[in-house]
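Given the sequences, and given the hints that come with them, work out the whole structure.
If you're matching them up, the sequences are chains D and X in order.
Going by the numbering used here, the residue at position 69 of the first sequence is 69; the numbering climbs one at a time, nothing skipped.
Going by the numbering used here, the residue at position 421 of the second sequence is 421; the numbering climbs one at a time, nothing skipped.
It should be emphasised that the hints constitute simulated quantities derived from the structure, not laboratory data.
Careful: at least some of the hints might be erroneous.
[To be verified] Here are a few chain D residues that sit away from chain X, every Cβ distance over 12 Å (derived from the structure): (1) VAL31; (2) THR36; (3) LEU48; (4) LEU106; (5) LEU128; (6) ASP169; (7) ALA179; (8) TYR228; (9) LYS267.
[Stated by the list, open to error] Calculated lysine-lysine pairs in the BS3-like style (CA-CA distance at most 27 Å, straight line): (10) X:LYS232 with D:LYS239; (11) X:LYS266 with D:LYS141; (12) D:LYS82 with X:LYS400; (13) X:LYS400 with D:LYS239; (14) X:LYS200 with X:LYS232; (15) D:LYS239 with D:LYS82.
The structure displayed is predicted, hence computed values, not measured ones.
We put the beta carbon where it would ideally sit given N, CA and C, even for glycine.
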Amino acid sequence: MIIEPRQSVSLLRAGLAPVWAILAAMLICAVLIIWTGTNVLTAYGLLLKGAFGSAFAINETLTRSIPLIFTGLAAAVAFRAKFYNIGGEGQLYAGALAATYFGTGLITLPSFLMIPFLMIMGAIAGGLLLLVPVLLKTRMKVDEVVTTLLLNFVVLLLVGYLIEGPWKDPMSLGWPQAASIIDEGVLPTLLAKGRLHLGFIIAVAIAVLIWAMMRFSVLGYEIRAVGYNAGAAEFSGIKVGRTVVITAMISGGLAGLAGVSETAGLKGYLTLDLSPGFGYTGIAVAMLAQLNALAVIPAAIFLSAVYVGADAMSRAVNIPTYIADVLVGASVLAVLCSVLFSQYRVRFR
Amino acid sequence: MTSTVLEFRGVTKRFGTLVANNSISLSLAEGEVLALLGENGAGKTTLMNILFGHYQADEGEILVGGNRLPPGSTQAALDAGIGMVHQHFTLAGNLSVLENILLGTESLFSIRQQTGAARKKLARLAEDYGLAVDTDALVGSLSVGERQRVEILKALYRDVRILILDEPTAVLTPQEADNLFATLKSMTRQGLSVIFISHKLHEILAVSDRVAVLRRGEIAGEIETAKADRHKLAEMMVGRTVTRPKLTAMEPGDAVLEIKDLSAGKTGAEGLKKVNLTIHAHEIVGIAGVAGNGQRTLADVLSGLQGSFSGSVALNGGALPAGDPRAIVASGVGRIPEDRHARGVVGEMQLWENLIAEDIRSQDVSRGGLIIDRGRATDRANRQIEAFDVRCEGPDAETKLLSGGNMQKLILARALSREPSFILANQPVRGLDEGAIAYVQEQLLEARKRGAAILLISEDLDELMALSDRIAVISHGRLSEALPTSARTTAEIGLMMAGQPVAGEAA
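In structure tokens form, the structure reads like this:
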């Protein structure tokens, strides 16, 4: 068996790669489902129904996709510049902390100002959190995977301290949670029924904006050039270090927006279970989208559907919800393989 | 008639649709130096990789001493007495010469090195082949020429009967190359056989008994060296007659680039020490030197990658905007980097994107330095691609799909379209085929005619002698005075490259 590079990679083949990957992942998970003694088609049918089978299900799936779009964009932008930001989770909580600090009565503005204000503050907080790792990286070549990953735990512990201590809501009946976001800062729901809120429209708009930035702007050009070939970028006059820092600020800001959107949109207040690992799942979203900002939207909705659908499936038949994590993990691995196969071909002889 | 020690029979190797080796049949006689000549991509390396078992041939077989060599086995090739000295040496700098040579030949379980017999054997080999090296010296402290001798000794110590040398002179001064040739002669007298891979015609004529020319994966011809000359070999290699452009005398104009007391970089051989150089309009100044003697630092300062230095660099009377590549380009410098792939282009980006890399924030191709003006960028790319004859599918093609020659034309298009007053050409023809070399050199001469001042850094002395009005030699970061090319001989330059002062030269 030998592996050879393909002469050219057609756009169709590249675009279909994630679809094949998802099918392959479903095949792998089918083995596990059979193991539990459930009919595979029934299980996947329930999963599909749980994710898209009713207005309520679709509403839930889209709601759950909002933080994933933000954290997916955060990873997609950073990875484009080969800056491996694994700290989306921490930056998400940094954004949530900013929303809580400014949005629980410190400042009161009319709603059309309050929401953008909280968003901006959350983005700044997420970006600032990433400032230390990125400067360590560009100045002292400290590996950002380690620093961003470890900062997640620092931030989580800080959140735990604040909501158990100084920021604890006296009205919470002893639950560890911060005070609620004031009404002016809450993201309104979009439909009469369901939890889908304004954050979805903001997330989609920002995805389009990021896509346009990467494709049409000088900054996007410089980010891509630095990621593909830092040596050539430097030679042509791009300030590589500065570009990486700017990229990191954008990436951290996007993850921070996820925190604002979850705090001010979905929950209304900050708790320690605000995010079940949206920061990490965002990396999977970005990989599935092959770092394309527009593709982040369907990728986030797909992963959200897997999680929401798996919840419904596990309630109906006796399959643990962990199957969702396996399915997501297998999808990402399969995408990485399928990208390889779209560029190389295997020949047997 | 001497006996055949190595024979390739109909060796074919395909990579997808590309036929890297097409039915190659070739034999090597005992005591013979066979030169393997061919352009980059002609299939020389693939053939050697098949011999060493790194690749398996799709068809054909290889015989060593009449026995079939098992395909795909490096160990089999080594056991059959085949040794190779690679272009990039495979020595550990922190071990002594002796340790490097013994490495891999000893049992892992022996407690103490038994060096007595090894020393005796090495002393005999060194004597027999004129390969004097201090066996206790650290390899890291040796010159490049000495390291190559260690590589050859390493192969001889393992009793090779067939030695393959891949572009062995690329890192040597002319004198070191002559020593190598003498060694090869003495090796063949002792019955060893040598395959000498090169694309330098004069070396092949000097050292080989027979030449096999590879072209596009096929044997384009075999010829006794005694019956060959440069033109004949060049024609066989390229498939047509190619004449490289020649310099015509021109009166130099005003000083364009003035470097005074420039010191920069580390304190080792790569750092510059008080370099002085002036280049005038209508003038090409060549810099000769063995790689790693400060050429890179000089190029980095002039192209804006290195902003910290002492001394001064003036361009057209004003200070060069040091450390800022875009400002340097805007002030009239055209830059051809040493390494196309690592510095020149972003392979994953499209042609038009690479063409705007140096001035992306200018009004020409962007709106306010923020948004790329795709229409104007594409228009300009189309004009440049046409003017510099870049063979491609269009400005939207992916840059990494270009051949080496076309990629270099793309870089020329970017650097020369704005008619720079000073051109830094760092190894502009490295790795190109004859046709592309002629094109690049013509473009440089065209720019000189127009009035550009050109600094040509090259490791190819023939190229420097043919294209330079004046030549300076760089060694250990010190640059000699640039004298008219006619006032220098290759031998003199070779001595200076090795760091020896030449009579009449200021130290």
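To see whether the hints hold, each was checked on the structure:
no. : hint                   : in the structure
1   : VAL31                  : holds (35 Å)
2   : THR36                  : holds (44 Å)
3   : LEU48                  : holds (37 Å)
4   : LEU106                 : holds (35 Å)
5   : LEU128                 : holds (24 Å)
6   : ASP169                 : holds (44 Å)
7   : ALA179                 : holds (41 Å)
8   : TYR228                 : violated (4 Å)
9   : LYS267                 : holds (37 Å)
10  : X:LYS232 with D:LYS239 : violated (49 Å)
11  : X:LYS266 with D:LYS141 : holds (20 Å)
12  : D:LYS82 with X:LYS400  : holds (19 Å)
13  : X:LYS400 with D:LYS239 : holds (23 Å)
14  : X:LYS200 with X:LYS232 : holds (13 Å)
15  : D:LYS239 with D:LYS82  : holds (15 Å)
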